[in-house]
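Colleague: The whole structure should be built from the sequences, with the hints applied where relevant.
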Amino acid sequence: MAQMTMIQAITDALRTEMKNDENVLVFGEDVGLNGGVFRATEGLQKEFGEDRVFDTPLAESGIGGLAIGLALEGYRPVPEIQFFGFVFEVMDSVSGQMARMRYRSGGKYSSPVTIRSPFGGGVHTPELHADSLEGLMAQQPGLKVVIPSTPKDAKGLLISAIRDNDPVIFLEHMKLYRSFREDVPEEEYTIELGKADVKREGTDLSIITYGAMVHESLKAAEALEKEGHSVEVIDLRTIQPLDIETIIASVEKTNRAIVVQEAQKQAGIASSVVAEINDRAILSLEAPVLRVTAADTVFPFSQAESVWLPNAKDVIATAKKVLEF
Amino acid sequence: MAKKTAQFDAVKTLEKIEDQFEMFQILDQDGNIVNEDAMPDLSDEELQELMHRMVYTRILDQRSISLNRQGRLGFYAPTAGQEASQIASHFALEQEDWVVPGYRDVPQIIWHGLPLSQAFLFSRGHYLGNKSPEGVNVLPPQIIIGAQYVQTAGIALGLKRRGKSSVAITYTGDGGSSQGDFYEGINFAGAYSAPAIFVVQNNQFAISTPRDKQTKGKTIAQKAVSAGIPGILVDGMDPLAVYVATKDARDRAVNGEGPTLIETLCYRYGPHTMAGDDPTRYRTDEMDTEWEKRDPLVRFRKFLEDKNLWNEERENESIEQAKEEIKEAIKVADDTAKQKVTDLMEIMYDEMPFNLKEQYEIYKEKESK
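Going line by line, the protein sequences match chains A and B.
This note's numbering puts the first sequence at residues 1 to 325.
This note's numbering puts the second sequence at residues 1001 to 1369.
Source of the hints: derived by calculation from the structure; they are not laboratory data.
Worth double-checking, as some hints may not be accurate.
[To be verified] Okay, derived cross-link-like pairs now, DSS-like style, lysine-lysine, Cα gap no bigger than 27 Å in a straight line:
#: 1; chain 1: A; residue 1: LYS253; chain 2: B; residue 2: LYS1357
#: 2; chain 1: A; residue 1: LYS19; chain 2: A; residue 2: LYS195
#: 3; chain 1: A; residue 1: LYS108; chain 2: B; residue 2: LYS1364
#: 4; chain 1: A; residue 1: LYS19; chain 2: B; residue 2: LYS1164
#: 5; chain 1: A; residue 1: LYS19; chain 2: A; residue 2: LYS46
#: 6; chain 1: A; residue 1: LYS108; chain 2: B; residue 2: LYS1331
#: 7; chain 1: A; residue 1: LYS108; chain 2: B; residue 2: LYS1338
Modeller: This is the structure:
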């Protein structure tokens, strides 16, 4: 075991898979000598050579196309999109092309690409860096979407993502990159995609969440515990596909649920989770399933972001509505 | 502010560059050799085969249009007028090469090994049309204009990394050369010296929008300069010139000298697609007539007849062979079981996720009725 931040765990996962499989290639803007703007690829070019860890011209669509083409020649590309707000520049390569490659080629070709990208609020970025755009990705059949909330999960999930035979969007919350360390096994391990993690068991309420909101939800759960409420917190980890079994088992146990996401309320993951609970466990419910989300505006300029973003207090307030319904 | 003389003249620099891009031609429109030095080293049999493929493809186009009108084919983008650009560029390739087509580039993937019956299935909207046989390195025809350019850069980089002596060739049109992906594709391939060939079939119109509205550039070939790669302007109605330009690009690519941009000046005789486009809205009869005089089959036929390599009998053989094979391929397409939603669900992912598994059962039930 070693104490690692999430960014260190991500580098460790990349190193592990580059050692395991010579077809793994890491590329993107400034990922080579510079080690990436967040240092996620720190030291990798030195260790594996410019041939396998390389800078690209500054063009996201080109990066996406490069990944698709390299995959067709049998590589496992792990491109970085420098900030996920730049994904609009590469939407066709992602949603229009790699997500459909297996399907439109009658199963002959595939796109085993893992796109890594930082996102998430609370770090005062300029526009189009912090936006939670996972809902756009999750709506695209053919993709898987993973959002880790801890260093240990980040490593195991990233290794699984790279090994997955379909394209995976791997979103890394910037605020979690260096916010805490935890024990991370130095050896290789995987965490199955599509499996949620019960972070905290409880019997009165299920909080279903992912990403940075896992930590706000855990804070809320502790506070609620002090007031006598036993709260379960589920970290989805993969938001496409959802771990329906874990969600439904929890709701059937607690009979009350809220869904917490950093993204805006309209459409999105929380809506999907509520709909799945409605489809599968409505008769277990003692109260409506409510959502804690940001407002339906675009991501605010940085002076307003701390108010805009949901926090533990918002979670507690909504949780109480459901508990007291 | 007045400019100091002779320090720089940006306009002159541009004009100097643009003037370099003269159209490369070997056979003029009357079938005469105008550039003996550039004649390719093709055997008589190869010259005949090239003509055979062009005649065959012209017949395929005519039959596809009439099959579409009879409701026996679906989506179809006519190819007549572009045979030299399409067939002669493909003729310079090797079997291991990748062909990354746009939606009008079905002839190239057929000649690369996609069975005709599959091309018809593609037209009919059947997924098996896109599943090319093993060993045939072609992608399904691209619908998003330009997307094939960035993918080709990636394939070519992969070929280079694998140490293969192969290239990836891709095609778009004059409209496609305006897309961001066009620039990103040629620029990425250039930056990595990847063995790619980027062809722009400049058929003068992107649906109805004329070439002059696409760019202020005098040529599309000159766009290569911005990526630091060679660009060549070719008479796209001259099969020999297109062949030589592509062969030259291929040779340099496999020698590690990177990609080439080839602009072929050509013309689409038919509509954009068979889905209601009416070229009389944007083209004149005079223009059509002018381009038909440059027809690739006419001039190549004349050239071959002068060499006693072609005659009516050979022409008819090619026509009959095409007709016969089209008939057989349509039969194969007719006999192919209709695709099912469940077939598609099975290939959405490597392993079916829970939501699709549930929906699979619903569709299985629906399809059993």
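Colleague: I'd like to know which numbered hints this structure contradicts. Please list them from smallest to largest.
Modeller: none
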